[in-house]
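Between the sequences and the hints, there should be enough to build the whole structure, so can you do that?
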Amino acid sequence: MSMDNRRARLLEYLRANGKTSVNDLADIFETSGATIRSDLRALENQGLLIRRYGSAEATTPGHSSEDRSMDEKQTLNLDAKSKIAQRAVDFVADGDSIILDCGSTTLQMVHHLERIMELTLMTNSMHIVNALSHLEAEHTVLMPGGTYRRKSASFHGNVAERAFQKFSFDKLFIGADGFDLMQGTTTYNEAYQVSQAMCQAANQIIVVTDSSKFGRRSPNVVVPLEKIDVVITDSGIAEDDIRYLESHDIQVVLV
Numbered sequence: 001m002s003m004d005n006r007r008a009r010l011l012e013y014l015r016a017n018g019k020t021s022v023n024d025l026a027d028i029f030e031t032s033g034a035t036i037r038s039d040l041r042a043l044e045n046q047g048l049l050i051r052r053y054g055s056a057e058a059t060t061p062g063h064s065s066e067d068r069s070m071d072e073k074q075t076l077n078l079d080a081k082s083k084i085a086q087r088a089v090d091f092v093a094d095g096d097s098i099i100l101d102c103g104s105t106t107l108q109m110v111h112h113l114e115r116i117m118e119l120t121l122m123t124n125s126m127h128i129v130n131a132l133s134h135l136e137a138e139h140t141v142l143m144p145g146g147t148y149r150r151k152s153a154s155f156h157g158n159v160a161e162r163a164f165q166k167f168s169f170d171k172l173f174i175g176a177d178g179f180d181l182m183q184g185t186t187t188y189n190e191a192y193q194v195s196q197a198m199c200q201a202a203n204q205i206i207v208v209t210d211s212s213k214f215g216r217r218s219p220n221v222v223v224p225l226e227k228i229d230v231v232i233t234d235s236g237i238a239e240d241d242i243r244y245l246e247s248h249d250i251q252v253v254l255v
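The UniProt record's numbering applies: residue 1 is where the sequence shown begins, and numbers increase by one.
Please note that a few of the clues may not be correct.
Here are the simulated BS3-like cross-link-like pairs (lysine-lysine), alpha carbons at most 25 Å apart as the crow flies [unchecked claim]:
#, residue 1, residue 2
1, 227, 166
2, 227, 83
3, 19, 151
These are calculated hints, taken from the structure and not from any lab test.
As the structure is a computational prediction, the values presented were derived from the model and not from experiment.
Rendered as structure tokens:
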């Protein structure tokens with residue numbers, strides 16, 4: 001069976017049978033777990049399925065990344081996001097003041113923050129606050145308030161924007177729905193102004209995003225290219241993209 005044929009049949013099976021474990025899929029298609037995981041990653045990158053812990057399920061037709069909930073986004077490209085998040089925490093020093101924007105990659109940073117001492121951290125994400133509450137470390141955690149968006153479990157609106165404008169932070173860690181080399185980071189989310197307020201409040205802006213976001217442009221520009229200091233991504237990024245970013249004095253860190 002060719003790779004393309006296997007992947008087409010795999011997607012057809014998931015659409016018919018729902019969420020299925022990787023081990024079961026390997027048995028059904030008489031191949032290795034590594035091969036199935038490779039197939040699942042490829043199909044996930046096309047937006048055709050969602051990988052979960054040890055399993056996968058097909059997306060509903062017409063269900064794009066633009067309307068996925070935060071719970072769904074946490075499962076996408078999870079391996080890359082985990083490595084990016086771990087490397088991002090190397091940029092955090094004891095006593096720093098940081099902002100974590102709402103996002104699945106920034107959420108992955110939280111459990112690594114236990115080794116950092118005396119952080120002051122502000123976020124608009126309920127998921128991040130909940131994860132911080134499980135750490136043994138004593139960090140000062142700030143939330144902006146504002147209008148709560150259930151799908152992203154985060155706060156937006158004028159109240160949230162004004163809250164960030166009252167502070168100054170050492171670093172902002174922010175993800176992206178898309179990364180356009182001419183424009184910067186982009187998002188489909190119309191409530192992106194709070195992320196822009198975070199950018200204004202931070203002395204250094206560090207973008208944490210997997211390589212699948214490069215070349216993908218959403219309607220709203222969040223962080224203009226000239227405002228970005230560091231990009232942390234995986235080795236799937238094109239060499240031409242790396243050179244372009246570095247030519248604009250942006251540090252590129254690969255995992």
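So, going through the hints one by one against the coordinates:
Taking the CA atoms of residue 227 and residue 166, the gap is about 20 Å. The hint holds against a cut of 25 Å. Only pairs whose Cα atoms come within 25 Å are accepted, and residue 227 paired with residue 83 is accepted, the gap being roughly 24 Å. At roughly 21 Å between alpha-carbon atoms, residue 19 and residue 151 fall within 25 Å of each other, so this suggested pair holds.
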